[in-house]
Amino acid sequence: MRDFENTRHQGTACEVFRAFLKLGLTSFGGPVAHLGYFRDELVIRRKWIDEAGYVDLVALCQFLPGPASSQVGFALGLLRGGPFGALAAWAAFTLPSALLLVLLAFGASAFEGPVGAGLIHGLKVVAVAVVAQAVWGMARNLAPDRERASIALAAVLVVIFVAGSIGQVAAIFTGGIAGLWLCRADAPGAAVGHLTFRVSKRVGAMSLVLFGLLLLLLPFAAGMTQGLTLFDSFYRAGSLVFGGGHVVLPLLQAEVVASGAVSNDAFLSGYGAAQAVPGPLFTFAAYLGAVVGQGPNGVFGATIALIAIFLPGFLLLVGALPFWDAFRSRPVAQAAMRGANAAVVGILGAALYDPVWTSAILTPYDFALGLTGFILLTVWKAPPWIIVVLMATSSVVLTLHWV
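For the sequence shown, counting from 1, position 275 maps to 934 in the working numbering; every step adds exactly one.
Source of the hints: derived by calculation from the structure; they are not laboratory data. Among the hints, erroneous ones may be present.
[Stated by the list, open to error] For each label pair, taking beta carbons as the anchor points, the in silico distance ranges come out as:
1) Gln953 / Glu674: 37 to 47 Å
2) Gly954 / Ala913: 17 to 27 Å
3) Met883 / Pro773: 42 to 52 Å
4) Ala913 / Leu869: 22 to 32 Å
5) Ile1034 / Leu1059: 19 to 29 Å
6) Gly772 / Gly954: 29 to 39 Å
7) Ala864 / Leu1021: 42 to 52 Å
8) Asn800 / Trp1044: 18 to 28 Å
9) Leu758 / Val1048: 12 to 22 Å
10) Arg677 / Ala913: 31 to 41 Å
11) Asp709 / Thr1052: 29 to 39 Å
12) Leu839 / Asp924: 42 to 52 Å
The C-beta atom is built at its ideal place from N, Cα and C for all residues, glycine as well.
Given these sequences and hints, build the entire structure.
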């Protein structure tokens, strides 16, 4: 345990589990919205980490393959409750949506018809309000001057003109380079936040080696059993995607649909259902593991797929944390991180428009709902679950009205 020594974490795994279970039950809207929920609950309300440290953590997870929001949650659990806190954070944030999707895999079709369509659309409007709140708050703290506001704007342009995860990584890298030039005049006290992870370099190196060995050796072992074949497919998908969320879908489709393990109709219907549940979109893997044609499937297949798709991202995160903390403590690195933090604001701003805004705000009524949710969050400080209930119910009523 000394390899994971953390002088800062003052909580317990049970406390972490309770906090993330609340998030796992209410965090709708995909990875960008999740970062907004995390910020509101764990940075603003519970004060587990300061704003600058949180965004540095977001920037690190954006660099790494895997589910970015789940990696941030895993790291926050590690910060607060040590390794058991990290596992508690992942389990509590992931299992609600995974269990719902496994139930849906067993035949439920609750999202057909106008009521289901209205409910799904209302949850997309929730994401607009949550992401807008996150962009607003982060911009005031992390892009308050002309230099960093310009970096944020440049990040928006990079993401727009270079689509996909490559654009996100390029925007953060460009922001870091620009920070070396534009942000070095900032006072030393305006440095990065104070992350206090105490993951040893030995553990970090072991995690990176294990990640590489699994990625290289699993394809050779996959033919031995169907379980290893399933694990290999989902481990590879989790290893090769940056940013998480929707980016993983083409890889999963190539792994399970092209091979004939899951029909295209089942894949698409599961994807639609995944939009209506809280928590990380990577739990779509649980649905796919439950419906694969050849065993193991059902609950056992869902468990294999779920662990396999999350594992590589967590191994990479633990491997990077010891070196990341040393890097970010240096003055030159602080200037780069100020630029990278501003770029993260730009990336969130770009995501607020596409896909969050473009998929949700289709009519003036949608705009009114989204604006209402934003005002309730930012001015009235309403808890997110109230916004979820209000937006979903209002959207269902409007949908039924126009049927």
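Assessment of proposed distance window 29 to 39 Å (beta carbons of glycine 772, glycine 954): 33 Å, holds
CB-CB spacing for leucine 869 and alanine 913 relative to the 22 to 32 Å hint: Holds, at about 25 Å.
Assessment of proposed distance window 42 to 52 Å (beta carbons of leucine 839, aspartate 924): 51 Å, holds
Isoleucine 1034 versus leucine 1059 beta-carbon gap, inside 19 to 29 Å or not: 25 Å, holds
Beta-carbon spacing of glycine 954 to alanine 913 - inside the hinted bounds 17 to 27 Å or not: 21 Å, holds
C-beta pair aspartate 709, threonine 1052: status relative to the range 29 to 39 Å that was hinted: 36 Å, holds
Supplied distance hint 42 to 52 Å, evaluated on CB atoms of alanine 864 and leucine 1021: 49 Å, holds
Verdict for arginine 677, alanine 913 (Cβ pair) under range 31 to 41 Å: Given range 31 to 41 Å: holds, Cβ gap about 38 Å.
Distance restraint hint 42 to 52 Å, applied to the beta-carbon atoms of methionine 883 and proline 773: With a Cβ separation near 48 Å, methionine 883 and proline 773 satisfy 42 to 52 Å, so the hint holds.
Range hint 37 to 47 Å (beta carbons of glutamine 953 and glutamate 674) holds or violated: Given range 37 to 47 Å: holds, Cβ gap about 41 Å.
Beta-carbon spacing of leucine 758 to valine 1048 - inside the hinted bounds 12 to 22 Å or not: For valine 1048 against leucine 758, whose Cβ atoms are near 20 Å apart, the range 12 to 22 Å holds.
Distance restraint hint 18 to 28 Å, applied to the beta-carbon atoms of asparagine 800 and tryptophan 1044: 25 Å, holds
When the structure is compared with the earlier hints, no violation turns up for any of them.
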